[in-house]
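My request is simple: use the sequences and hints to build the entire structure.
The sequence shown begins at 108 in this note's numbering and counts up by one.
It is worth saying that the hints were derived from the structure and are not from the lab. Treat the numbers as computed from the prediction; the structure is a model and nothing was measured. All clues given are correct.
If you anchor each label on the Cβ, the simulated ranges turn out as follows: (1) P167 <-> I204: 15 to 23 Å; (2) K141 <-> A163: 27 to 35 Å; (3) G140 <-> R162: 29 to 37 Å; (4) R145 <-> T179: 14 to 22 Å; (5) I204 <-> A149: 14 to 22 Å; (6) P143 <-> T168: 15 to 23 Å; (7) R145 <-> P181: 13 to 21 Å; (8) M177 <-> K141: 18 to 26 Å.
All C-beta atoms in this analysis are idealised placements derived from N, C-alpha and C, irrespective of residue type, glycine included.
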Amino acid sequence: MTYNMKSCIVVAFVFVLASKAFIWEVAAAGECGKTPIRSAAASLSPCLSAAGNARAKVPPTCCTKVGALMNTAPKCLCAVLLSPLAKQAGIKPAIAITIPKRKGA
Numbered sequence: 108m109t110y111n112m113k114s115c116i117v118v119a120f121v122f123v124l125a126s127k128a129f130i131w132e133v134a135a136a137g138e139c140g141k142t143p144i145r146s147a148a149a150s151l152s153p154c155l156s157a158a159g160n161a162r163a164k165v166p167p168t169c170c171t172k173v174g175a176l177m178n179t180a181p182k183c184l185c186a187v188l189l190s191p192l193a194k195q196a197g198i199k200p201a202i203a204i205t206i207p208k209r210k211g212a
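In structure tokens, the structure reads:
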């Protein structure tokens, strides 16, 4: 009897953890449609230096990527900039939001 109860508790615990992970992934990708937030963030990799340093030159590829996201999915762009992944990469949202003004500068 004790073995079955322990098994049931372990299975329930694993189910809860898996459910939370699934819900977190779905919620994180929600602002970017069907594109996972990690993929959207990876597409902005040309902007990495400019998003962490206000004096860094904004590469043309970054301008193109940011412009496209601003026109098609501005909520996705915000979600990427405010994600834990961006923080880990050294992106500073206060600097990153200046990229559109710094394009071509």
